[in-house]
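Undergrad: Chains as they are written, first to last, in my numbering: chain A, 512 to 780; chain B, 4 to 288; chain C, 6 to 581.
No lab work stands behind these hints, which were simulated from the structure alone. Just so you know, these numbers come straight off a predicted model, no measurement behind them. It is possible that part of the hints are untrue.
[Unchecked claim] Quick list of the computed label-pair ranges, beta carbon to beta carbon:
id, chain 1, residue 1, chain 2, residue 2, range
1, A, 622, B, 88, 20 to 26 Å
2, B, 8, C, 296, 47 to 53 Å
3, B, 88, C, 23, 47 to 53 Å
4, B, 139, A, 622, 54 to 60 Å
5, C, 18, B, 74, 21 to 27 Å
6, B, 89, C, 463, 37 to 43 Å
7, C, 273, B, 89, 25 to 31 Å
8, C, 331, A, 546, 55 to 61 Å
9, B, 81, C, 526, 56 to 62 Å
10, C, 18, B, 61, 53 to 59 Å
11, B, 95, C, 23, 21 to 27 Å
12, B, 61, C, 351, 56 to 62 Å
13, B, 74, A, 622, 30 to 36 Å
14, C, 463, B, 281, 47 to 53 Å
[Claimed, not checked] Some residues of chain B that are not near chain C, with every Cβ distance over 12 Å (derived):
id, residue
15, 55
16, 68
17, 73
18, 74
19, 138
20, 150
By construction, the Cβ of each residue, glycine as well, lies at the ideal position given by its N, Cα and C atoms.
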Amino acid sequence: MATDPPASPTPSGAAHTSTPSADAPGTATPADADGTVLAVEDLHLGYGQQEVLHGVSLTVNAGELVAVIGPNGAGKSTLLRGIFGFLRPRRGRITLLGREIGGLRPPQVLRAGVAYVPQGYSVLPNLSVEDNLLLGAYIRTDRQVRADVERLLDLFPVLRARRRLPARVLSGGERRMLEMARVLLLRPRVLLLDEPTLGLSPRVIDQVYEVVHQVNAQGVAILLVEQNVRTALRHAGRAYVLEQGRVRFQGRGEEMLAHPEVRRAYLGS
Amino acid sequence: MDLLVQAALNGLLLGLVYALVALGLSLIWGVMEVVNLAHAEYLMLAMYATYWLWALGRVDPLVAAPVVLPLFFLLGWLTYRVLIRRVLAAPMVSQIFATFGLLFFLRYSAFAAFGPNVRGIWQSHLAGSLTVGPWYVGVPQLAAALVALGAFALLWLFLNRTKTGKALQATAQDRVVAQTLGIDVEQMFALAWGIGIAAAALAGVFLMPFYQVSPTVGDAFLLIAFASVVLGGFGTVAGALVGGIGIGLVENVLGALIAPTFKLLFAFAVFVLMLLVRPQGLVGE
Amino acid sequence: MSLLLLVAGLALVPLAVRDSFFLNAAIHVFLLGTAALGWNLIGGYAGQLSFGHAVFFGVGAYTSSVLLTRHGVWPWVGGPVGAALAVGLSLVIGAATFRLRRHFFALATLALAEITRITFLNWTYVEAAIGLYLPLHYRGRLAYLMWDGKVPYYLAGLALFAAALALTWWVDRTRMGLYLKATNQDADAAEALGLPTLRYKLWAMGASAALAALAGTLYAQYVLYIDPYTVMASRISLLVVVMALIGGRGTVFGPALGAAFIVLLSEYTRTALGHLGQGYDFILFGALIMLLAIYEPRGLLGLGRRARPHRAVPVVEGSAPAPLPASGTPQDRVALRVEGLSKRFGGVAALEAVDLVVRQGEVLGLIGPNGAGKSTLFDCITGFQRPDRGRVVVDGADLTARPPHALAHAGVVRTFQLVRVFPELTALENLLVAQPHRGESVWQALRPPAPAVRARAEALLRRVGLAASREVPAGELSYGQQKVLALAMALMTQAPVILLDEPTAGVHPALIQELVAQIRALNAEGRTFVVIEHHMEVVNALAHRVYFLAGGRVLAEGTPEAVRQDPQVLHAYYGH
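Produce the entire structure from the sequences given, and follow the hints as far as they go.
TA: Listed below in structure tokens is the structure:
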């Protein structure tokens with residue numbers, strides 16, 4: 512597998528450690544820097560009799576941080592779940608670097624290079640912080656895992672301090688750190704993040720997004736769902752507005768904030 | 004007083020065996036929330052396996068264990084793949100009926116194959132008793148208790164020190180999160196069944212030297228196993244241990260204090276009380 | 006009427022058949038079948054799976070036998086006494102254990118049965134383990150229910166069996182059957198509609214215990230020897246369940262069919278395979294149950310139903326958008342008030358000192374981001390959750406923390422975010438279950454639905470456009486149709502205040518317009534609605550007033566236009 516180039520500085524200016532082992536699956540390649548990493552075309556899916564998404568199309572390009580915003584019930588979480596394989600698409604395609612992944616089961620999607628952090632807390636509450644991290648590398652078969660874990664604990668001293676404690680004692684922000692650290696163990700091509708700032712205070716939200724940017728800078732394209740519009744548009748390069756299972760609108764960052772379409776989606780006309 | 008301590012001693016040793024049976028039940032419940040009504044039937048079958056190995060080939064239970072154990076691991080694994088897997092998504096009623104049908108199937112297969120008579124073994128290597136002060140300890144009981152303890156230790160090591168063991172814990176704690184980490188939860192379910200049934204089988208093998216088997220032996224043991232799990236707390240290894248010892252003590256101490264013929268009744272009464280008052284068990288949350 | 010023919014036919018059989026083997030088998034079918042039919046009432050219809058019913062069988066057998074043996078009491082008296090004892094015992098057990106989850110309930114009944122058996126094993130008054138021999142010198146006398154030949158027992162057994170069938174048949178065609186089935190399929194939904202589920206479950210439990218006990222009495226009279234191993238064994242408990250399962254639980258003839266199937270197959274394998282035959286029949290039953298669990302939980306009768314052609318489900322078309330009807334006018338009178346309601350889950354405050362007023366005749370909107378506590382508020386109002394602090398006042402009466410059916414009787418019903426209907430009942434039956442239950446006694450429940458009620462249900466179905474689907478099981482309707490049905494059910498209760506939890510979620514956009522029109526029209530007729538919604542167009546079209554909740558607190562209140570511009574609302578969605 513190709514080795515990675517040295518990491519570039521993050522927006523917050525924090526120093527970077529060397530990247531994890533090149534044997535990690537889904538190691539990002541810089542070659543197609545403007546290429547599409549994840550493409551969703553005309554996706555229809557739902558639960559049982561319900562159809563929640565009625566033909567959603569979007570793309571995520573290499574190195575991007577894309578947001579999906581919209582009111583509740585729009586289908587944002589369902590979209591991420593569908594991409595990761597928890598739901599079968601009824602119609603439409605999902606491709607990762609051109610390879611069809613729609614219809615694959617979650618472990619296969621992960622191996623293909625898509626990681627997913629679901630809504631709420633996705634740490635394992637009764638396992639130690641260290642075990643949580645180790646499990647992040649579950650699908651890795653190389654011998655560098657322990658070394659990488661140590662490096663990550665250096666990167667996140669807050670986790671190192673609590674490494675043997677059960678993960679349930681971590682605060683909301685700390686759990687997010689743990690989840691991001693776990694993601695870094697795998698260096699997926701795409702990361703799906705579902706409402707990473709739910710229930711967090713503004714200061715912690717900033718910290719979490721700092722780490723999200725660090726992950727993004729490592730070459731991981733990110734598709735995230737965010738309920739708070741301003742937060743989403745401050746951090747994301749591009750955003751899609753999802754409403755009632757359809758993409759209503761897409762645009763770049765700050766200019767969307769004042770757009771009447773966005774306001775209408777949340778508060779009606 | 005001596006009598007009480009003797010009863011407590013007996014209860015402790017037997018309780019450890021109960022804990023081993025409860026362990027499998029608790030593991031299966033913890034990982035996939037299925038209540039295995041047929042659990043004690045595997046115990047019964049393992050006892051028969053031990054018996055026949057002894058009766059036909061004079062194979063001592065100590066030697067039989069390494070043969071019986073993998074066999075029953077496979078049996079548990081197969082049970083999941085063939086039956087349980089198909090009712091996981093069904094309503095709870097179907098799951099209850101599926102394991103209920105399994106109970107019938109296994110029990111009456113034993114009836115048909117082995118007849119209704121009670122059978123026991125003698126002249127195994129595990130025989131006799133030791134004297135500790137004014138009390139005595141039966142060698143087979145001690146052996147069974149030590150084996151149970153060893154099994155608990157091994158399982159604890161497996162769950163906490165191996166990658167697969169941690170993956171199993173992860174599956175039990177949050178199935179969705181486990182899948183996001185790439186864990187194949189189907190494999191974990193089958194593994195849980197394999198381990199759970201093997202644990203029950205191990206208990207059966209070492210019960211044989213001092214217990215008699217008949218096709219209906221599962222009745223009492225099922226309730227005892229459930230009583231242990233409910234007492235200690237569903238879904239945790241520690242819970243099974245605490246619960247099993249607890250039931251063993253309740254059974255023997257109260258039996259000695261009040262009336263030996265009502266031993267099981269006390270255990271079952273504690274069971275029902277716990278269900279009504281504190282269903283999460285002593286150790287559970 | 007087929008029932009009468011069946012019974013008459015069976016009664017005439019002994020005229021032709023005198024074979025002792027057959028008569029013995031038939032007697033077993035009748036007695037165990039009676040017990041199975043009894044079990045079916047609580048386990049099949051109501052869904053409480055008891056694995057300890059042998060207790061009642063044994064109590065019946067022992068009571069009448071002990072009274073006969075020790076005190077010379079006629080079994081005609083001893084039997085009902087035994088039944089009464091069994092009923093009493095069953096009510097105690099039921100009241101204590103019905104709230105346990107299904108498998109825990111099953112285990113609890115198993116344990117309680119074993120406890121009772123062990124007690125009887127050691128109780129010298131009933132001869133303990135030695136067993137009780139019924140005195141033979143009473144033979145040949147009707148008063149003592151004891152005969153030499155098998156035919157009288159056959160007829161007596163048949164009579165009891167027919168009575169059990171008749172009772173089941175009656176339950177099935179009256180409201181009680183519907184109520185029990187509804188409780189089985191979705192107890193919470195039933196409660197929310199005003200059904201006092203505990204009361205009916207206890208009735209079913211008592212009836213089932215009585216039947217089992219009477220069967221036990223007759224059994225003792227037949228075999229003339231009982232001990233805890235024969236009449237209180239788990240074998241009987243499990244057998245009774247197996248019969249109902251295989252035949253088809255929750256049906257009238259299922260357990261009877263199952264009993265016949267099992268006993269006859271049992272006897273056949275016993276004679277055909279001799280000594281080797283022991284157990285083979287049960288192996289088969291075990292395998293059969295496993296197969297049924299996987300493929301057809303409704304038993305043999307369910308397999309029979311499958312053979313019938315599938316009805317096509319009519320689709321509700323979205324009509325062209327019509328002008329919205331005028332909405333109602335809110336009165337000044339307060340229909341529902343919530344004061345200072347707080348609720349914590351673990352460390353998280355789901356609701357924090359919420360004050361809310363609902364005026365009669367208005368449509369009140371509840372909006373806010375995910376996790377704001379809106380559904381929890383509904384739960385606390387309708388009794389599904391107990392608030393930590395605060396009050397719920399309906400029409401001036403404090404109804405805080407009362408059970409859901411009490412709220413329904415007081416005039417407040419709710420629907421659920423993920424739609425809840427009774428999937429195996431037809432659309433019409435769903436509405437019949439939703440009829441007003443205030444003041445309804447058990448006796449009234451044991452009557453068929455009143456014609457006036459039926460007519461109202463039909464009218465409601467027509468009104469919401471589901472008339473063509475009246476005979477379709479609700480589980481086969483589309484999601485949107487189910488939502489509409491749930492609304493109709495709420496209307497059926499005649500409750501003046503209806504809480505709708507995301508009524509348009511998951512509904513096809515074409516249907517939403519219709520739904521909105523329906524609600525407005527109903528509001529114009531005087532119904533009060535409280536609606537949790539995320540679709541802002543729906544809120545704007547429906548609500549007279551809106552409350553905005555975030556983080557468990559009420560942040561804004563007013564007309565939809567005013568709330569939309571409230572800085573707190575904008576902040577919650579937009580900024581930080």
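Undergrad: A separate judgement is required for each hint: does it hold in the structure or not?
TA: Here is how each hint holds up against the structure:
no. : hint                         : verdict
1   : A/622 with B/88: 20 to 26 Å  : holds (23 Å)
2   : B/8 with C/296: 47 to 53 Å   : holds (52 Å)
3   : B/88 with C/23: 47 to 53 Å   : holds (52 Å)
4   : B/139 with A/622: 54 to 60 Å : holds (59 Å)
5   : C/18 with B/74: 21 to 27 Å   : violated (51 Å)
6   : B/89 with C/463: 37 to 43 Å  : holds (40 Å)
7   : C/273 with B/89: 25 to 31 Å  : holds (30 Å)
8   : C/331 with A/546: 55 to 61 Å : holds (57 Å)
9   : B/81 with C/526: 56 to 62 Å  : holds (60 Å)
10  : C/18 with B/61: 53 to 59 Å   : holds (57 Å)
11  : B/95 with C/23: 21 to 27 Å   : violated (48 Å)
12  : B/61 with C/351: 56 to 62 Å  : holds (59 Å)
13  : B/74 with A/622: 30 to 36 Å  : holds (34 Å)
14  : C/463 with B/281: 47 to 53 Å : holds (49 Å)
15  : 55                           : holds (17 Å)
16  : 68                           : holds (28 Å)
17  : 73                           : holds (25 Å)
18  : 74                           : holds (20 Å)
19  : 138                          : holds (27 Å)
20  : 150                          : holds (27 Å)
When the structure is compared with the earlier hints, violations turn up for hints 5 and 11 and for no others.
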